[in-house]
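Please work from the sequences and hints to get the whole structure.
2 protein chains.
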Amino acid sequence: MVYYRYNYFRIIPLKGVYAMKHLIIIVFFIIGLTCQAYSANSVPPAPNGITIPQNYKDWRVISMSHREDNRTLRVILGNNTAIDASRAGKTNPWPEGTVLAKLVWKDTVHPNWEKATVPGTFVHAEFMMKDSHKYTKTGGWGFARWTGMNQKPYGKDDSFVQECFGCHTPVKDNDYVFTHPALMP
Amino acid sequence: MVYYRYNYFRIIPLKGVYAMKHLIIIVFFIIGLTCQAYSANSVPPAPNGITIPQNYKDWRVISMSHREDNRTLRVILGNNTAIDASRAGKTNPWPEGTVLAKLVWKDTVHPNWEKATVPGTFVHAEFMMKDSHKYTKTGGWGFARWTGMNQKPYGKDDSFVQECFGCHTPVKDNDYVFTHPALMP
Numbered sequence: 001m002v003y004y005r006y007n008y009f010r011i012i013p014l015k016g017v018y019a020m021k022h023l024i025i026i027v028f029f030i031i032g033l034t035c036q037a038y039s040a041n042s043v044p045p046a047p048n049g050i051t052i053p054q055n056y057k058d059w060r061v062i063s064m065s066h067r068e069d070n071r072t073l074r075v076i077l078g079n080n081t082a083i084d085a086s087r088a089g090k091t092n093p094w095p096e097g098t099v100l101a102k103l104v105w106k107d108t109v110h111p112n113w114e115k116a117t118v119p120g121t122f123v124h125a126e127f128m129m130k131d132s133h134k135y136t137k138t139g140g141w142g143f144a145r146w147t148g149m150n151q152k153p154y155g156k157d158d159s160f161v162q163e164c165f166g167c168h169t170p171v172k173d174n175d176y177v178f179t180h181p182a183l184m185p
Numbered sequence: 001m002v003y004y005r006y007n008y009f010r011i012i013p014l015k016g017v018y019a020m021k022h023l024i025i026i027v028f029f030i031i032g033l034t035c036q037a038y039s040a041n042s043v044p045p046a047p048n049g050i051t052i053p054q055n056y057k058d059w060r061v062i063s064m065s066h067r068e069d070n071r072t073l074r075v076i077l078g079n080n081t082a083i084d085a086s087r088a089g090k091t092n093p094w095p096e097g098t099v100l101a102k103l104v105w106k107d108t109v110h111p112n113w114e115k116a117t118v119p120g121t122f123v124h125a126e127f128m129m130k131d132s133h134k135y136t137k138t139g140g141w142g143f144a145r146w147t148g149m150n151q152k153p154y155g156k157d158d159s160f161v162q163e164c165f166g167c168h169t170p171v172k173d174n175d176y177v178f179t180h181p182a183l184m185p
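Those sequence lines, one after another, are chains A and B. Using this note's numbering, you'd call the opening residue of the first sequence number 1 and step up by one each time. Using this note's numbering, you'd call the opening residue of the second sequence number 1 and step up by one each time.
Please note that a few of the clues may not be correct.
No distinction is drawn between identical chains; accordingly, a pair holds when it is met within one copy or between any pair of copies.
[What the hints assert, rightly or not] Here are the simulated lysine-lysine pairs, DSS-like style, with alpha carbons at most 25 Å apart:
| hint | residue 1 | residue 2 |
| --- | --- | --- |
| 1 | K90 | K156 |
| 2 | K172 | K115 |
| 3 | K57 | K90 |
| 4 | K102 | K57 |
| 5 | K137 | K90 |
| 6 | K21 | K152 |
| 7 | K106 | K90 |
| 8 | K106 | K152 |
| 9 | K102 | K137 |
| 10 | K90 | K172 |
| 11 | K137 | K156 |
| 12 | K21 | K134 |
| 13 | K102 | K172 |
| 14 | K90 | K134 |
Since the hints were derived computationally from the structure, they do not count as laboratory data.
Structure, rendered in structure tokens:
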């Protein structure tokens with residue numbers, strides 16, 4: 001077996017111990033690349049093929065809410081397109097390319113302030129992605145949700161979006177979005 | 001009246017129309033600089049001299065809360081130092097240079113979901129800035145608050161920090177901070 005090393009403009013055949021060293025380096029390099037790719041996006045896609053947006057936790061705040069029916073706190077973040085639209089007051093409709101992220105926690109009581117409700121267990125991260133050409137059957141929005149700290153994709157198959165869309169249909173007049181951007185100075 | 005122009009290494013006295021042109025240019029330049037400074041930070045400093053952090057609305061989320069005693073919703077953001085500490089779980093004490101921002105809104109009811117509390121009127125933005133050498137009398141934290149959409153500095157004089165610090169003293173064991181970072185995947 002002969003290994004090759006790319007040396008400037010020539011390919012030099014390598015043999016013996018020197019070749020083995022190179023093989024080990026290459027194998028470790030491949031393992032490293034694989035681990036990096038895995039850690040970068042180890043979250044499986046949703047059943048409809050939507051992948052979880054990278055770095056969504058770094059997105060900026062649009063609003064928040066406290067659902068007192070199911071006792072959850074929510075913060076709504078947006079990608080740059082969403083933030084620009086939100087600050088310009090152009091959110092009905094939201095522009096193409098908008099991605100809204102909703103992070104949801106179960107209520108808990110602040111240990112030092114009993115009348116303050118604060119985030120407890122992390123419930124899920126859910127997303128709405130505006131692409132009027134791609135998501136024609138669900139109001140121009142792609143829906144996806146990943147549950148828990150291990151980010152398990154929600155839904156057995158791609159019919160799960162009917163549940164999302166059904167719940168959002170009452171706010172059709174607001175481009176199917178419940179969130180109204182919070183007022184900020 | 002004689003005007004001077006700095007020409008490389010010599011001062012040349014200028015007279016008449018040429019001097020007037022220079023004077024007009026200088027006046028417009030000063031007006032321009034003043035306008036720029038004003039638009040960059042038109043929010044007056046707090047009575048203790050703290051200035052409002054630039055671009056705090058672009059900071060990332062640490063947590064949120066719903067105070068059911070005074071019916072307000074709050075989102076807690078942090079500068080990069082705060083976010084790094086928060087994600088590394090190193091928040092007791094928070095590192096030097098940490099700035100925490102709390103944006104507060106009065107409760108209102110979501111127009112399409114009556115059991116959802118959402119942000120209404122903007123109440124204030126308040127800040128805690130960690131500098132153990134500068135703020136020795138208030139637990140190593142500088143406090144400041146700007147109220148309303150027009151961001152009026154809170155407090156008649158710098159004694160207002162006693163109110164802030166008094167309220168935060170019960171959480172001395174958590175480095176005087178009420179916020180516990182929300183769990184995120």
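Here is how each hint holds up against the structure:
1. K90 to K156: neither (35 Å within a copy, 38 Å between copies)
2. K172 to K115: between (35 Å within a copy, 19 Å between copies)
3. K57 to K90: both (23 Å within a copy, 18 Å between copies)
4. K102 to K57: Close inside one copy (10 Å) and across copies (18 Å); limit 25 Å.
5. K137 to K90: Classified as within; 23 Å inside a copy, 46 Å across copies.
6. K21 to K152: neither (40 Å within a copy, 67 Å between copies)
7. K106 to K90: between (31 Å within a copy, 23 Å between copies)
8. K106 to K152: The answer is within: 17 Å in one copy meets 25 Å, while 35 Å across copies does not.
9. K102 to K137: within (22 Å within a copy, 40 Å between copies)
10. K90 to K172: The answer is within: 16 Å in one copy meets 25 Å, while 43 Å across copies does not.
11. K137 to K156: within (19 Å within a copy, 57 Å between copies)
12. K21 to K134: neither (48 Å within a copy, 56 Å between copies)
13. K102 to K172: within (18 Å within a copy, 32 Å between copies)
14. K90 to K134: Within. Shortest intra-copy distance 21 Å satisfies the 25 Å Cα cut-off; inter-copy 43 Å does not.
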